[in-house]
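Given these sequences and hints, build the entire structure.
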Amino acid sequence: MSFEFTIQNLKFKIAKAAVFAACLTPLYCLAYFAFTDNLGANPIEVITHWTGDATIIFLLITLAVTPLRKTTGWNDAVKFRRLLGLFAFFYACLHFMTYVWLDQFFDFRGIVKDVAKRPFITVGFASFILLIPLALTSTAAMVRRLGKRWQQLHRLVYFAAAGGVIHYWWLVKKDIRWPLAFGVVLALLLAFRAAVRWSARQPSRPFAAAAEKQ
Amino acid sequence: MLIKKPADIKSSAITSKELFLSRRGFLVQAAIAGAAVAGLAAPDFLLPSEVHAGEKLAKVQKSKLSIDEKQTPLKDITTYNNFYEFGTDKYSPAQYAKSLMPRPWTVAVEGEINKPKRYDIDELMKLAPLEERIYRMRCVEGWSMVIPWIGFPLNALIKRAEPTGKAKFVEFTTLLDPKQMPEQRSRMILDWPYIEGLRIDEANHPLAILGVGLYGETLPNQNGAPIRIVVPWKYGFKSIKSIVKIRFVEQQPMTTWMKAGPTEYGFYSNVNPEVDHPRWSQATERRIGEFLKRKTLPFNGYGDQVASLYSGMDLRKYF
Numbered sequence: 252m253s254f255e256f257t258i259q260n261l262k263f264k265i266a267k268a269a270v271f272a273a274c275l276t277p278l279y280c281l282a283y284f285a286f287t288d289n290l291g292a293n294p295i296e297v298i299t300h301w302t303g304d305a306t307i308i309f310l311l312i313t314l315a316v317t318p319l320r321k322t323t324g325w326n327d328a329v330k331f332r333r334l335l336g337l338f339a340f341f342y343a344c345l346h347f348m349t350y351v352w353l354d355q356f357f358d359f360r361g362i363v364k365d366v367a368k369r370p371f372i373t374v375g376f377a378s379f380i381l382l383i384p385l386a387l388t389s390t391a392a393m394v395r396r397l398g399k400r401w402q403q404l405h406r407l408v409y410f411a412a413a414g415g416v417i418h419y420w421w422l423v424k425k426d427i428r429w430p431l432a433f434g435v436v437l438a439l440l441l442a443f444r445a446a447v448r449w450s451a452r453q454p455s456r457p458f459a460a461a462a463e464k465q
Numbered sequence: 007m008l009i010k011k012p013a014d015i016k017s018s019a020i021t022s023k024e025l026f027l028s029r030r031g032f033l034v035q036a037a038i039a040g041a042a043v044a045g046l047a048a049p050d051f052l053l054p055s056e057v058h059a060g061e062k063l064a065k066v067q068k069s070k071l072s073i074d075e076k077q078t079p080l081k082d083i084t085t086y087n088n089f090y091e092f093g094t095d096k097y098s099p100a101q102y103a104k105s106l107m108p109r110p111w112t113v114a115v116e117g118e119i120n121k122p123k124r125y126d127i128d129e130l131m132k133l134a135p136l137e138e139r140i141y142r143m144r145c146v147e148g149w150s151m152v153i154p155w156i157g158f159p160l161n162a163l164i165k166r167a168e169p170t171g172k173a174k175f176v177e178f179t180t181l182l183d184p185k186q187m188p189e190q191r192s193r194m195i196l197d198w199p200y201i202e203g204l205r206i207d208e209a210n211h212p213l214a215i216l217g218v219g220l221y222g223e224t225l226p227n228q229n230g231a232p233i234r235i236v237v238p239w240k241y242g243f244k245s246i247k248s249i250v251k252i253r254f255v256e257q258q259p260m261t262t263w264m265k266a267g268p269t270e271y272g273f274y275s276n277v278n279p280e281v282d283h284p285r286w287s288q289a290t291e292r293r294i295g296e297f298l299k300r301k302t303l304p305f306n307g308y309g310d311q312v313a314s315l316y317s318g319m320d321l322r323k324y325f
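Note that the protein sequences, when read in sequence, are chains A and B.
Positions 252 to 465 (my numbering) are the ones given, in order, by the first sequence.
Positions 7 to 325 (my numbering) are the ones given, in order, by the second sequence.
Heads up, a few of these hints could be off.
Stated by the list, open to error - As a list, the in silico DSSO-like pairs of lysine-lysine whose alpha-carbon atoms are at most 30 Å apart:
(1) B:K174 / B:K251
(2) A:K425 / B:K323
(3) A:K425 / B:K104
(4) B:K104 / B:K62
(5) B:K81 / A:K424
(6) B:K172 / A:K424
(7) B:K68 / B:K132
(8) B:K68 / A:K425
(9) B:K265 / B:K104
(10) B:K323 / A:K424
(11) B:K301 / A:K368
(12) A:K364 / B:K299
(13) B:K301 / A:K425
(14) B:K323 / B:K172
(15) B:K123 / B:K265
(16) B:K265 / A:K424
(17) B:K265 / A:K368
(18) A:K425 / B:K299
(19) B:K251 / A:K424
(20) A:K364 / B:K301
(21) A:K364 / B:K323
(22) A:K425 / B:K81
Claimed, not checked - Derived CB-CB ranges, DEER-like:
(23) A:F359 / B:K70: 38 to 48 Å
(24) B:T112 / A:F356: 42 to 52 Å
(25) B:K301 / A:V366: 30 to 40 Å
(26) A:R395 / B:K81: 54 to 64 Å
It is worth saying that the hints were derived from the structure and are not from the lab.
No residue lacks a Cβ here, since even glycine has one placed at the ideal position from N, Cα and C.
Right under this line is the structure:
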């Protein structure tokens, strides 16, 4: 990244600050509910669900960057990808901390039992673990150092997102409409990538050619 | 020319009471619209809620069967409900249950009995002296409350119905009317109408009541107006709400949750910390209003009174 002062640079910095502030929306909302006594009868449940929803939504937004770039040609979108991905990790951390601290109150024996015995918690926990190396290798230095392997490593996000949807799906009692909606969006985002790869292998390469032109 | 002095203008003419009361709702909805733009789902509990103005119930007796524990605030009891006919999240029933009309209302009592009858709700409420029953309520999801119900023993109605020898079970049915219960339009949620059941000896147990009120007033719609059952030693979903039919039968009824998840919800559904829900533990619960979880008690703490109903039964098998 260059530190030269240019109008272009300034514009980007402002845009980035705006996106950063917008990414905090779920947190503003939670603070607002807490402040106005609107967290309801079971505040811990609300915080758990809210941070969980935010995690999945930010994972999906992050995964939407590449399809957005390839379909609209807005290549600068990729400059926001790390920020969005780190916000997904941030909300995952809040979600995990809510569980460990507020819900289980550091009952580590109970937590280990839950993770081992409850499939929905096992999947959620595994997805959270998968995000950790991605967050750790998100710096520019790590991107350079890992080279090609960086992209391979970061494909783990597909599994983390799928795990997140399954985690949600398995926890609901009966009404699967929300996890289903998230699942459909994720499936579309992944299908887009599969389609691009598939068409890249075809002799005529209509899809990839269109993508490359941009 | 008539110029009104300020005192002549009623404050209600300036801003209607309704609008005034909904101002926060408006702000919240504006905030939700913002959040929706940001891609977040608007939680229903943020929408302005209508607090049910219950009617005071007179001549309510205290009961020795009440427990002496801190009661859950009325606000929590009336805004945190599972009543899927009005939405599957716990904040929806308080929002949408106003479409339910608890009057006029009748309850058909029928089946293997000598005295079948269609009761008018007001007649039914006079069937036996009303009592206050302060009970623990444990939801299958792992939270609990302490609720001061008002009602009378279910066995008072059973006695009047004169069950025949064939009446081995009692089946209860909730109202089926998608106009009043909007979620009934979708079969994706549950197979409506909601059906629950008890063994006749369970139904006859003095702890089992027909609930018609709470906190001294008639039931708010979201809590199952105008009449429901309360079976405090079983998970909350057994205590069926807004009942229109009570049928005495020979065979064990197929309940709504047994149909929805046969491996997860059994006919008995007694509160049991030893038998986990297949997907989560039932060993602990969060009492609404408390931070730390507490241990769940066998039969929700009513073991001394009800365990004998199940002597010799494998409660793991009959979950």
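Hey, K425 (chain A) versus K81 (chain B), does the alpha-carbon distance stay inside 30 Å? holds (26 Å)
Between K68 (chain B) and K132 (chain B), is the straight-line Cα distance small enough, at 30 Å or below? Holds. K68 (chain B) to K132 (chain B) sits at ~17 Å (cutoff 30 Å).
Please check whether T112 (chain B) and F356 (chain A) have a Cβ separation lying inside 42 to 52 Å. holds (49 Å)
Hint check for K81 (chain B) and R395 (chain A) - Cβ pair distance inside 54 to 64 Å: For R395 (chain A) and K81 (chain B) the Cβ distance comes to about 56 Å; the hint holds.
Would you check the hint for K364 (chain A) and K323 (chain B), treating anything up to 30 Å between C-alpha atoms as holding? holds (23 Å)
Within a Cα-Cα threshold of 30 Å, do K68 (chain B) and K425 (chain A) meet the stated pairing? Judged against 30 Å, a Cα distance of about 38 Å means the pair is violated.
Tell me if the straight-line CA distance from K104 (chain B) to K62 (chain B) falls inside 30 Å. holds (19 Å)
Holds or violated: K174 (chain B) with K251 (chain B), Cα cutoff 30 Å? holds (17 Å)
30 Å limit on alpha-carbon distance, applied to hinted pair K172 (chain B) and K424 (chain A): violated (35 Å)
Hey, K323 (chain B) versus K424 (chain A), does the alpha-carbon distance stay inside 30 Å? Satisfied, since the Cα-Cα distance of roughly 21 Å is no more than 30 Å.
Pair hint K425 (chain A) and K104 (chain B), alpha-carbon separation not exceeding 30 Å: Since the Cα atoms of K425 (chain A) and K104 (chain B) sit roughly 24 Å apart, the hinted pair holds (cutoff 30 Å).
Between K265 (chain B) and K424 (chain A), is the straight-line Cα distance small enough, at 30 Å or below? Satisfied, since the Cα-Cα distance of roughly 13 Å is no more than 30 Å.
Against the hints set out earlier in the document, violations occur for numbers 6, 8, 25.
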